[in-house]
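S.K.: So the sequences go chain by chain: R and F.
Each residue of the first sequence is one higher than the last, beginning at 1368 in our numbering.
Each residue of the second sequence is one higher than the last, beginning at 1368 in our numbering.
It is worth saying that the hints were derived from the structure and are not from the lab.
Keep in mind that a hint or two might mislead.
Said to hold, decoys possible - Just some of the chain R residues that point at chain F, by a computed CB distance under 7 Å: (1) 1368; (2) 1481; (3) 1485; (4) 1486; (5) 1523; (6) 1532; (7) 1564; (8) 1568; (9) 1697; (10) 1717; (11) 1721.
Here a beta-carbon is modelled for each residue, glycine too, at the ideal position from N, C-alpha and C.
Protein chains: 2
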Amino acid sequence: MKIAVLGGDGFCGWPAALHLSASGHDVTIIDNLSRRAIDEELGAESLTPIRPIEERISAWKETAGRDISFRNIDVAQDYDSLLDFITHEGPDAIIHFAEQRAAPYSMKNSRNKRYTVDNNVNATHNVLAAIVESGRDVHLVHLGTMGVYGYGTAGMAIPEGYLDIQVANGEDVIEQQILYPTNPGSVYHMTKVLDQNLFAYYAKNDRLRITDLHQGIIWGTNTAETSSDERLINRFDYDGDYGTVLNRFLVQAAVGYPLTVHGTGGQTRAFIHIQDMVRCVQIALENPPEAGERVKIFNQMTETHRVRELAHLIGELTGAQVEMVPNPRNEAAENELHVTNDTFLELGLNPTRLSEGLLLEVEQTAGRYRDRVDFSKIPATSTWTADNEAGIPPSLQGK
Amino acid sequence: MKIAVLGGDGFCGWPAALHLSASGHDVTIIDNLSRRAIDEELGAESLTPIRPIEERISAWKETAGRDISFRNIDVAQDYDSLLDFITHEGPDAIIHFAEQRAAPYSMKNSRNKRYTVDNNVNATHNVLAAIVESGRDVHLVHLGTMGVYGYGTAGMAIPEGYLDIQVANGEDVIEQQILYPTNPGSVYHMTKVLDQNLFAYYAKNDRLRITDLHQGIIWGTNTAETSSDERLINRFDYDGDYGTVLNRFLVQAAVGYPLTVHGTGGQTRAFIHIQDMVRCVQIALENPPEAGERVKIFNQMTETHRVRELAHLIGELTGAQVEMVPNPRNEAAENELHVTNDTFLELGLNPTRLSEGLLLEVEQTAGRYRDRVDFSKIPATSTWTADNEAGIPPSLQGK
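Okay, chain R solo, but in the shape it has when bound (with noise of 0.2 Å):
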């Protein structure tokens, strides 16, 4: 299959090009680079030593043997450039990890809220329209979150997208299935949210093909392909603004910064390993929706964990120390998280577990590049109101 991975620089978008490149396709990634400007802009960089894409795509065909095309493209300003690429190179699918994706990031302050919806809706919305202007087959796969589906209900299992609900009307009573009512977390969760009505509006009005799979917190780094040279390497994130709760922990625990848990840890999130994730993405391109079909919705997430559990977890693998600090979200304290991800396991998935790869993570990432390692950036600074407080340990203020 022909392949375009919009955002195929990004922490996802690589280790899923490359997938996708050693399984045959012919992959073109298209990448505006912005998340190496974010670096520049929070002072911040990858833990891991990321290098520049025309190195990244060069050094894949000489390990590989086979050729990735980049055309650095920004797909939410520059639609013209899009609908050129989409009409005379004909993808078969668009993958679109092109959104920016971070939530504290997104929090920051009214110009990342700002530059986020702006940022993601445009993106999303350009690709829609252009597949439509194309008169292209394409299907689309987007990378959305769990985020979406706000933190649970009542105990009940979280299903794939939709819903089944009674209305009461009168002495009847009305039987439907509706797209899952939505409670974003943050404005960046919100994004995905406005992005879920975008494609259900085009699925039904220009019948296109579209698979969004509602992710959960990525861990790990590296896949079979970004660990086989190291100019190959994924980017890991370790900052309070991009890195991801559990990669976050394991960078603490290399360095000996006490694992800062928000507010009671009770918050229970879904997970899904990196190497997982490029494989989700393979199957959900090999079973596309048809032409006239709702949009196809997968949970994209293979277990759901405390987070204050999670910590201990990396504390007695690690003898790190665990911190409670205040929460900068605006959230509940303890949530139950129940997931129904049926799908991906029909279709093939065989999870890795959390408590098999935990500690090889720990030693091959973490700790191996700890000296890279920039204190400063590790709480997590950005609040989700005047009124929340920054995450940082009680046992480091004023140093």
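With chain R fixed as given, assemble chain F onto it according to the hints.
M.R.: Just chain F, lined up with the frame of chain R:
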């Protein structure tokens, strides 16, 4: 109250601004005059001879003795000016009409789809972010649309924004109230769905006080205030892009053009007179939600009608011919529509009935200005997909 009317030069914004000024409020109009620019772009103009905004405002000062301020700000693009206004002027309420509001215009081509999404989402989000950043307590009243609901569910009355549902969970049944599941009929309507999600988030995270008015199709042209001097006259769109169905029928009747019924005309729509719209805005202003309360949603409509029945009614009143034309839209041929609108009625709205006001409108507006009609602008030519046909009367094709 100090009130900012965003989009206060437009079809709904102008009469609302005058009505609130006449009621003793201190009104500032914020508008970038984009609607006038679209007239130029489409080569269409208001049936009624609307005056430049400066002349409107000075005529209002002269006739009513009341000051209205005007600022030319593009709220979707110029965040800093908007923030500066809110921070330094401290409005008690902002009424947000500043969106591209025509479904056919939004579907005309990719450029218009993209403009509508970009403009409407960024306008709404900028207002929300600016209110938060200003730290001011502002009641935001937004003009939404009945179109977010889709067109009815199995004969059930559409509630005001929120739906009571039951969800089976094993042996148990969970009861919840959710935002009514949306089913927008155009890119324009979809932007109002996106708005709704933005509002829900900011009401939750930032405790903003927000009212969303789910408005039906406006009919009529003038209010008590816009009728008081010809220089205050409101716009009246009869073209295929911006003209609403009833106003277009009135002009068609006045100039002897067939009344163009799309498809079978079996579409049932909700309507409200423009005089009732301005009253509803005032009622909404006087009944704001509390901080921390969810978004307050009103159904702002007073009656429902099936399009073909409206055409026949106007045909009987005026002798005009009814002609069935292809439907340029992608929609169900026939739909029922039942709507709950108890809140405004309880709060004192006394609706203007279509059956009473229609003939007056034909004579006083459509008839009076019929020499200004450009026949070529009458048919609806924006099609929802490449497979839809323009709504040109067979009897006039090729002429």
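S.K.: Now tell me if each hint is right for this structure.
M.R.: We went through each hint and held it up to the structure:
Interface restraint check: residue 1368 (chain R) against chain F, minimum CB-CB distance 25 Å, threshold 7 Å, status violated. Here the hint on residue 1481 (chain R) is kept, as its CB sits about 6 Å from the closest CB of chain F, short of 7 Å. Annotation: residue 1485 (chain R) was flagged as interfacial toward chain F, and the flag holds, the nearest CB pair being 6 Å apart, inside 7 Å. Annotation: residue 1486 (chain R) was flagged as interfacial toward chain F, and the flag is violated, the nearest CB pair being 11 Å apart, outside 7 Å.
Hint status for residue 1523 (chain R): holds, given a least beta-carbon distance of 4 Å to chain F, under 7 Å. Given the 7 Å rule on beta carbons, the hint for residue 1532 (chain R) holds: about 4 Å separates it from the nearest Cβ of chain F. Interface hint status for residue 1564 (chain R): upheld, as the beta-carbon distance to the closest one in chain F is roughly 5 Å, under 7 Å. With 7 Å as the threshold, the beta carbon of residue 1568 (chain R) comes within range of chain F, its nearest partner Cβ sitting at about 5 Å, so the hint holds.
Interface hint status for residue 1697 (chain R): upheld, as the beta-carbon distance to the closest one in chain F is roughly 5 Å, under 7 Å. Because the beta carbon of residue 1717 (chain R) sits about 28 Å from the nearest beta carbon in chain F, more than 7 Å, this interface hint is broken. With a cut of 7 Å, the hint placing residue 1721 (chain R) at the interface with chain F is violated, because the nearest CB-to-CB distance is about 27 Å.
Taken one by one, the earlier hints fail for this structure at numbers 1, 4, 10 and 11, listed in ascending order.
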